[in-house]
Amino acid sequence: MCLALPYGMDDSSMSNIVSGLVIIGTSLFFYYLTARFPVVKGYQQMGDAFWPRLVILVLIGLSVILILQSVLKGMKKESTKKGIPGETLDRLALLKTMGVMVLYVLCIPYLGFLVSTFLALIIFSYLMGDRKVSGMVYFSLGMTIATYLVFGLLIYTALPRGVWIFKSLSNLLY
Amino acid sequence: MVDLFLYGFQNVLQPVNILAMIVGMLIGLLIGILPGLGGTMAVALIIPFTFNMEPITGILIMLSLYCTATYAGSITAILFKIPGEAPAIMTILDGHEMAKKGQAGKALGTAIFASTLGGIISTILLAAVSIPLSTVAIEFGDAEYFAMAVMGLSVCSGIGGKSVLKNIMAAAMGLFLATFGTSSISGTQRFTFGYSGLLMGITFIPAVIGLFAISEVFEQVEKGLKEGRREGYKKQEKVRIGMPSWKEIKYLKWTFLRSGLIGTIIGILPGVGATTAAFFGYSEAVRWSKHPEKFGTGIIEGIAAPEAANNAATGGAMVPLLTLGIPGSAVTAVMIGAFMIHGLRPGPMMMLQQPKLVYSIFAGFFFSNLLIILAGIIGIKFVARLMDFPYYKVGPAILLFAVIGSYAMNNSMSDVYVTLAFGFFGYVMKRYGFGLAPLILGMILGDLAEVSLRRAMLLSNFDPTILITRPISAGFLIFSALSLCYPLIQKYLLKNKGKEALASS
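Protein chains in written order, with this note's numbering: chain A, 1 to 174; chain B, 1 to 505.
Calculated directly from the structure, the hints in this document are not laboratory data.
Small disclaimer: the values here were computed from a predicted structure and weren't measured.
A portion of the hints provided could be inaccurate.
Simulated coverage check for chain A against chain B, where a stretch passes if three residues somewhere in it have a Cβ under 8 Å from a Cβ of chain B [stated by the list, open to error]:
| id | segment |
| --- | --- |
| 1 | 29-41 |
| 2 | 67-74 |
| 3 | 93-105 |
| 4 | 161-171 |
Note that CB positions come from ideal geometry on N, CA and C, so glycine has one too.
If we strip away everything but chain B, and leave its shape as in the complex, we get (with noise of 0.2 Å):
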């Protein structure tokens, strides 16, 4: 095994190797910056410029762009409160905040330190223990699947807005959304109205983007612009690269290791990618803290967990393409035409066959998230300019941003006319106090939840104890239970104790 790894790593060490992953790193990083870029559509793109290259240099080229744009997402959601990609949504909520205090440059440097240690986790568990890891993943049933989905929705009540009923509500109604277009398991079409663009259901990316990104120009320009300043922004001198201290890293380590736990497990299983990893490495850290009210004011916690997850989440997505040629993600879907096209085909065949190619694939993924270091610091000098230009320069930029981002997706208006429609709605849900976290985990979890329960009523004749008598199933209802009702007994208990001291005093 040490003979393999030496192997992959000094093939993927050859110049020709290195200047690939510099290439992917690059577009990655372009990909990540601009908003409704993803990397499952620059993975698609550059397919055809790696035909004529060596199977190991196009797959790399790859790995890297991959990883890059999953962290690069958190420069824009940081600087800007525009999450570039997707699995960035929750770096927004202290990231945004840190740089609206002046400390853009930590900020960033936490997002760069954290993306790059939950890559390397990943990849060490990925080489690790990627096969005894599949084969637990695979054995989820929808009733376990249905209780993650629960338990994800759980940590709605902590995060978004101050209510907690209203976070619940905020995440039903992104339920709600998550109803429409076609149904998955009949092909009934909901809540179209007849509108072809409501067929694959409401597009998340645009959705995303105006519900994050319009939604604070409006914002913004409501609450009036001195001098074209934005309100409560310090300005930014020169945003340097904050690296964390040895003392905040120590204070970290297990905020890091939690979040590349989750993340690769999070990757490992189908369907469920970067975005929800960065949800659970989020709600997880919440949860643990001990001070989980500090979250959403602008602390490294805060951003530190959901980077290292979202990245971690990549290095799990190879696991079962790679050990069982199943993708985990959109991403990896994609990844495995690139890899057919090379002539391989991923799964265990390949693992036994070709072990010296999948030891490089594995160094190519850890030396691929070493790249990202050197993205920050290339994306940070060019991203960060932009930071203390004043509002009209910058809010017509976000604007033009959503706009080109959603329509870049499918070439399609209709992304646009949805990205409008949720600037207007985070505009009003803001207004009223619900928070846009909740509502985009409903979303994102919404489908989901729903078919695997309904395929597990089915499976199990519709017997509903099906969910409590599988060990996982119910460990996970009974602790998606206590997590919702947490801030509920939190708050009870803190405002007893507030009594007994006010008594005693």
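Next up, chain A with everything else stripped away, as it sits in the complex (with noise of 0.2 Å):
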């Protein structure tokens, strides 16, 4: 839904109604949660659901006044907001770079921090617009190499090392 939104229609009645509602179920959700928080001896009086409850009554109370707000408003007009005039959105780039962002950070753990680090940045430069192959390579090569330096060696951050052949190959290189 919500990359179903150009943007400028933050205020329209639609957007909120839909984030609105979205925002009650999360937090009906979290509510029910909160009933099954341990009762602590000592603090069963305004114990340790008692805050997170009254924020959410609030978040709910707040959710109902934009939805109310907004059905009225849609009520009186009709909103012509259609996005900001000659603003083209590239929701494709937008998804794949999600998509590699996603897999970039779930692939660290097994394929180390250099390995992956180097191929996610070469994507990430090819879907921002880059398409020199040897600018791609060596920023790509440059940064992970500076990132080592400042935080593995500086630092003494313990980057990842990845799984079976990568581990060895990220043995060998630091």
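Two chains, two separate frames, one set of hints: put the complex together.
Shown next, in the form of structure tokens:
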């Protein structure tokens, strides 16, 4: 749903109603979870569930106001806002970048930090418009090495080494 | 007292001590620029290197590092919308907007000037009124702390997105997210879903990196990158530091003074540090401004206020440390360890028995803040070159810094997952018009609000009137109510004025 809405529709009635409903649904789920909190002796009154419940109820109340406001606004006049004129959104590039970002983070424990970072940087550069292969490779290599020097060597960050053959490779490199 | 000050300055200006402060400044600069690396970690890492030094030399390295790291976060905040340090979060709002308009140099210059001045104001206050101030702050009970948290939250309606309602909702979301993890009062696990990475709650810095850095890259990519350039950016021919003019300094004088004072007082309060000081500095600048609607659009007040406040908080945090031996922040908690390694025990006895050392620390603090100017010049020359890079170089670099910065916090992939999750969350929040700043405000103040409220209630036998019968607490709460309603009242008044103007015309 979120990807179906162009920028500039932040204040539109429909997006407000949808976001209000999502927040209410999520809040009710978490409110249900607060019932599972153990009651600690000495803290029966105003226990651990008190504060989250208070905040959740406030959030639900505000979401209801947001929805009502949006419904009333929608009844008064149909929103005519159709995004910023001339603005084009590259949703495919966004989805690809998001996907690669998730893959990158998930791959770090398996491929090791250096290998996964080198590969991810090449793909990110390509997705963001770089078309020069040598430029992408040099940039990715340079950034990966620089990160290793600063974090791995200078401040002794234990960079993930990966598993299997990648672990052996990482052990060779650092 | 003058003699002691003169001795302090003389001691600090010894070549070895100047060198120590420069080394501290350079490390602080590096730490401050790199997101996810905090001053606390840097101070902890530097302690072993100070073993063989004179106590004052070792302490000066740490002071200089602490001051510079607090400032340096603003460089990346302005240029890349990444807060290198958490206290620079508020600087993003106007600093980055100025950079987008091609005024990065002016924004950076204002940040340097404000940080230095804020730090110097706090040093003067630290030296002059350290004992009385800490006595007042130490008198605060739980009711006052709760009211103070509410007062901090009350500014949420005026910052962030355009909608007051959505800003308040975002702050409530932040308060809710702050409840994740182990309860500070009873030790119960809340919303951890059996995942050990959530036991300590949502780690703040990784969340902030995700919210501000990753969501920004997503947004830029979605908006489309023409020839790899960011949408809306003016090419920065060469970023030159544009220090504020005399006219601008005169115009900002109350902002500097107010933020310097707020930052010092907040710095004194235990557990409330430079980040909160920056929030209060910014929100008070909005409150007192003749044109609050311009905040967030790229104005120098929006940089001067948080930067003066966050650096002033560093001096404030030293007050309870030096006078009472109580750390006012995570960095000063680590510093206590460093003092002890050198055979010193901060507290009232040190103030009485070693005044020469104490006044050398005051003088060291003064010079550490002056060194911020040098740090700014070096840091900007180094970082600003990256500004003109095409986005296919900057975007991937931001994503890499976000990942490695959050990982390096605790050498933990859990923090990277938090960063990623908050990157997506921040993107959705922005898409739907919810402000990120109120969300962060809620996350910062959530624990303070909950713990102090529950403790106040427990101690008063669940009598809620304790919040309004204590004068300071009542004053804070009344102020909060007015502050929360202010944008609505202002809107109503403007509407009525508009109608009157129409009718009369």
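Results of checking the hints against the structure:
| no. | hint | verdict |
| --- | --- | --- |
| 1 | 29-41 | holds (count 6) |
| 2 | 67-74 | violated (count 1) |
| 3 | 93-105 | holds (count 8) |
| 4 | 161-171 | violated (count 0) |
Of the hints listed earlier, those the structure fails to meet are numbers 2, 4, in rising order.
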